[in-house]
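As they're listed, the protein sequences go chains W and B. For what it's worth, my numbering labels the leading residue of the first sequence as 66, then goes sequentially. For what it's worth, my numbering labels the leading residue of the second sequence as 76, then goes sequentially.
I should point out that these hints are in silico values taken from the structure, not numbers from a laboratory. Misleading hints may appear alongside valid ones.
Claimed, not checked - Partial selection, computed: residues in chain W whose CB lies under 7 angstroms from chain B:
{"no.": "1", "residue": "G305"}
{"no.": "2", "residue": "S306"}
{"no.": "3", "residue": "W314"}
{"no.": "4", "residue": "T318"}
{"no.": "5", "residue": "L343"}
{"no.": "6", "residue": "L361"}
{"no.": "7", "residue": "V385"}
{"no.": "8", "residue": "S395"}
{"no.": "9", "residue": "I397"}
{"no.": "10", "residue": "V401"}
Claimed, not checked - With a Cα cut of at most 20 angstroms, we get these calculated SDA-like pairs of lysine to any residue:
{"no.": "11", "chain 1": "W", "residue 1": "K201", "chain 2": "B", "residue 2": "L93"}
{"no.": "12", "chain 1": "W", "residue 1": "K201", "chain 2": "W", "residue 2": "V212"}
{"no.": "13", "chain 1": "B", "residue 1": "K506", "chain 2": "B", "residue 2": "Y468"}
{"no.": "14", "chain 1": "W", "residue 1": "K201", "chain 2": "B", "residue 2": "M614"}
{"no.": "15", "chain 1": "B", "residue 1": "K506", "chain 2": "B", "residue 2": "A486"}
{"no.": "16", "chain 1": "B", "residue 1": "K278", "chain 2": "B", "residue 2": "F363"}
{"no.": "17", "chain 1": "W", "residue 1": "K201", "chain 2": "W", "residue 2": "Y253"}
{"no.": "18", "chain 1": "W", "residue 1": "K201", "chain 2": "B", "residue 2": "R95"}
{"no.": "19", "chain 1": "B", "residue 1": "K278", "chain 2": "B", "residue 2": "I372"}
{"no.": "20", "chain 1": "W", "residue 1": "K201", "chain 2": "W", "residue 2": "T330"}
{"no.": "21", "chain 1": "B", "residue 1": "K506", "chain 2": "B", "residue 2": "Y528"}
{"no.": "22", "chain 1": "W", "residue 1": "K226", "chain 2": "W", "residue 2": "V162"}
{"no.": "23", "chain 1": "W", "residue 1": "K201", "chain 2": "B", "residue 2": "D84"}
{"no.": "24", "chain 1": "W", "residue 1": "K201", "chain 2": "B", "residue 2": "Q89"}
{"no.": "25", "chain 1": "B", "residue 1": "K278", "chain 2": "B", "residue 2": "E259"}
Quick reminder that beta carbons are idealized off the backbone N, C-alpha and C, glycines included.
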Amino acid sequence: MFDGETPRETLGRAVARLLHLDFALLGGLLLLAAIGLTILYSASGEESAMLLRQLVRLGAAFAVMVLLANLPMQSLRLWAPWVYGAGVLLLLLVLLVGDIGKGAQRWLDLGVIRFQPSELMKLAVPLMLAWYFAEKPLPPAFRHLAVAAVVLLLPVALIVKQPDLGTALLVASAGLFVIFLAGMGWRYIVGLLVLAAATAPVAWHYLHDYQRRRVLTLLDPERDPLGAGYHIIQSKIAVGSGGLYGKGWLNGTQSQLEFLPERSTDFIFAVFTEEFGLLGALLLIAVYLFIIFRGLYIAVRAQDTFARLLAGSLSLTFFVYVFVNMGMVSGILPVVGVPLPLVSYGGTSMVTLMAAFGILMSVNSHRRLISK
Amino acid sequence: MPSRQAIKDAQLEQGLFLRRLLFVGLLILLAFAAVIARLIDLQIVNHEHFTTLSQNNRVRLEALPPPRGLIYDRNGVLLAENRPTYQLEVVPEQVRHLDETLAQLGELVAIEPSDVDRFRRMIRRRAPFQAIPLRLNLSDEEVGILAVNRHRFPGVDIQARLGRHYPLDAATAHVLGYVGRIDERELARIDARNYNGTSHIGKIGIERHFEDELHGDIGYRQVEVNAQGRVLRVLDRQPPQSGRDLILGLDIGLQLAAQEALGGRSGAIVAIEPQTGEVLALVSMPAFDPNLFVNGIPASTYSALRQDRAQPLFNRALTGQYPPGSTIKPVIGLAGLEYGVTTASRTMFAAGYYTLPNDTRRYRDWRRQGHGLVDLDLAITQSSDVYFYDLAYRLGIDRMSEFLDRFGMGARTGIDTTGEAPGILPSREWKRRTQNMPWYPGETIIAGIGQGYMLTTPLQLASITATLAMRGERVRPRLLRAMVDSGDETPQWTEREPLPPVSVRDPMFWDQVLEPMVHVMHEKNGTAYGSTGRDAAYMIAGKTGTAQVFGLGEGEYEEDEVAAHLRDHALFIGYAPAESPRIAVAVVVENGGSGGRVAAPVARKVMDHYLLNGHPDDSPNGRPGGAM
């Protein structure tokens, strides 16, 4: 796939191998970060200070990635239950003494840094479940699925209580992917779907009026055109007016004239499509697809169940980020606070994301070490 | 099967994993196909439409706040209305230099620093194109000045809005409560969508309790505006849904008569229709003008109200807690009959004081020489303390507090407004819980005449009076009589809400305590005969009471020697006509002194107004032929 290399490329690949990095994945991520910084410059109103802060965060995140890429799978597997246990304890701690940031209890103030234990769970839950299923005969028996359900639901419930629905959704899907990839029987899957569909109306019946209103506004933001609906209306105008070729970099009126709220964070994809059009969006989607499928390819080639399940789940969680964000911005999914990975401004989830890619790279290099 | 389950089959697991991954891979492609399809839909198919929208992103949505529901009294007299007021509004997005503009506007009309603070807080919460009120309630003169200078300020506009107004001002303040500007705490509680265009919310009273019903549903209009934010034309309109109108059981004529009957003294009057529980009058004096609070009360006026020793902001009728004093005697008498510790015919010698067996402490009667030989009838008619000290001793605190509890003593009535206090019904358990002390026998004795720890609100007293009038039938008191949906003429009547009734072993017991209450008013030796009952045109059943403000110990005091604010509270409860009650009244006159001389005549004026005036179409059963 990379035939006809120049000597410089070979050098780069040599360095990458030495650092246990996956060259293809690294290339995709760097390209993504570059695209992200480009559009962030526009979305921030050409503010270089913001760009610099994002650059520092990216640097830190890539450092974490390199660190984890060099961690052998065996250690990761050994630590899995401990990381999970510590994560759950920290979540409980947050609920008890957590700092109230942005109206919800998510943060743990450690003096120097503020730490969000729910972020850790995005890695800890798939780690723990992969560790659990690694020893079990697959497809898993019912009792093993029941244990897995508890392992998954406990942290998710704690995160929902914070309340942080976006993170809860990502943690839940990371766990569900492990269970699904482990081979949970189709009849259980169908059964769960039927059960969920059946209990929804009952749960609805027990909700308070104001809770129902919130759910309705979430599902149909146009109900509230000056509140939650304002985001989505302005976002659709930005995307739609971009057209095929876009209005050009720094020329998006929706974003530059500040009609679009949260344009540098959750709604940055709207700025991107306004300025670079459908063609730009297709390119961005292609980059994301490349990264996702490269991750899945690493999962397929992984050598044991633990690595395989973990790599599969982490790649698929990355997909969920991208899909939920793009779906929200284009108005086919409800507005949930999920950033566009490596493009949205902000650091909390970026470190976790890059740590996941570090683990993927470790899976890859670990295999090669044995086979060679 | 079992052998396959027991060991791990690497080959099989890898195959399974691969199949699952293929499935998910397909889903991923489908998901991105959906996103791309949506992008094509937005960016290619509807590109023209969105380009137009973005070019004219001057198409605005404006919130249309719903008109607040009106409040009427039972005869259709308007108690709370909406009046057009003019306010100064600013669209932040349209103003280039906000600070400068605010300063210049401040030279034209008075703008308080608090106005500017509130304005700046709201900027952060509303979309930049939404008009934000800067000054409310502009005078005609101010409107004129601003209109002339209008051209100098793009993005600044004068808007006519509907503002709350209470035409009867102080007379309804303690019943209706008032609305005021939405504050931070309320912002967190309300449905932000529905309150998008609303600036005011019910703060206390009826306005607060029925906020959801009164508020209505927001509407929107889509307008095209030019670069200065001036509306060029209305594109679309979804009208708001007005709030529901409330019809109260209140009789405003009676309310005003009651207020006047208090004659400038501090106190409270509550009148209830016993059959329905509808509150006919609810007076707390002194009161205040609720219109002051609607558009933000000046700090100086507010602190003057707060510091007024007469406490005009305090709702005595609902929140004021007073010892019931002797007004509780008919209920204690009923308890004595029910538990068989006394009978109507039992007599005792009531001296000027009472002592517990083996105790030297003297519990004095209000009449120094005592009442002589008394039975239950005479004990109520003349309000013998000694008879009830003895009765309380025979009942004991447990049975007494259990029986008072059945009447709703010491518990919120659950009336449909805010701020009701519960009062206190003392019991062994209550004292242990609140003071961690045992109950002393002496406390039982004074509880028998409604003194000691016992506290009640005027509303609670009126409700207990209604229960007496209905011979044990209980109804929850309520202010709301009916609600009317906007655009609909048919009122939805509020259901009468019965409470668990008070039942006694023998219905005769009711007569044995209610007849003495008629004697209080209409027999020569009754405590309210001379002042009130003598010349009444109908029969009243009543009971006077005097509540000590001040611990008197064993001594007595001469009224004239004690400072006015330490004098006893004068109380009265009563209902009329005695034979078929139509109104139950409770009166508290703070520091009024004697219940018979001061509180009873007030109640009589209220009853007269209700039974003799203004009800020509009602049946004349309130006018007895003179058989007294």
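Verification of the supplied hints:
1. G305: Because about 3 angstroms separates W:G305 from the closest Cβ in chain B, which is inside the 7 angstroms limit, the hint holds.
2. S306: Given a least distance of 4 angstroms, the restraint on W:S306 holds.
3. W314: This hint is violated: W:W314 lies away from chain B, its Cβ roughly 17 angstroms from the closest one there, beyond 7 angstroms.
4. T318: Nearest chain B Cβ about 6 angstroms off; hint holds.
5. L343: With a closest approach of 5 angstroms, the W:L343 hint holds.
6. L361: This hint holds: W:L361 lies near chain B, its Cβ roughly 6 angstroms from the closest one there, short of 7 angstroms.
7. V385: Constraint on W:V385 not satisfied, violated at 9 angstroms.
8. S395: Holds, about 5 angstroms.
9. I397: holds (5 angstroms)
10. V401: violated (15 angstroms)
11. W:K201 <-> B:L93: holds (18 angstroms)
12. W:K201 <-> W:V212: holds (12 angstroms)
13. B:K506 <-> B:Y468: Given that 20 angstroms is the threshold and the Cα spacing comes to 18 angstroms, the pair holds.
14. W:K201 <-> B:M614: violated (90 angstroms)
15. B:K506 <-> B:A486: holds (16 angstroms)
16. B:K278 <-> B:F363: Satisfied, since the Cα-Cα distance of roughly 15 angstroms is no more than 20 angstroms.
17. W:K201 <-> W:Y253: holds (18 angstroms)
18. W:K201 <-> B:R95: Holds, at roughly 18 angstroms.
19. B:K278 <-> B:I372: holds (13 angstroms)
20. W:K201 <-> W:T330: violated (41 angstroms)
21. B:K506 <-> B:Y528: holds (9 angstroms)
22. W:K226 <-> W:V162: Holds. W:K226 to W:V162 sits at ~14 angstroms (cutoff 20 angstroms).
23. W:K201 <-> B:D84: Given pair W:K201, B:D84 holds - Cα atoms ~10 angstroms apart, limit 20 angstroms.
24. W:K201 <-> B:Q89: holds (14 angstroms)
25. B:K278 <-> B:E259: Holds, at about 13 angstroms.
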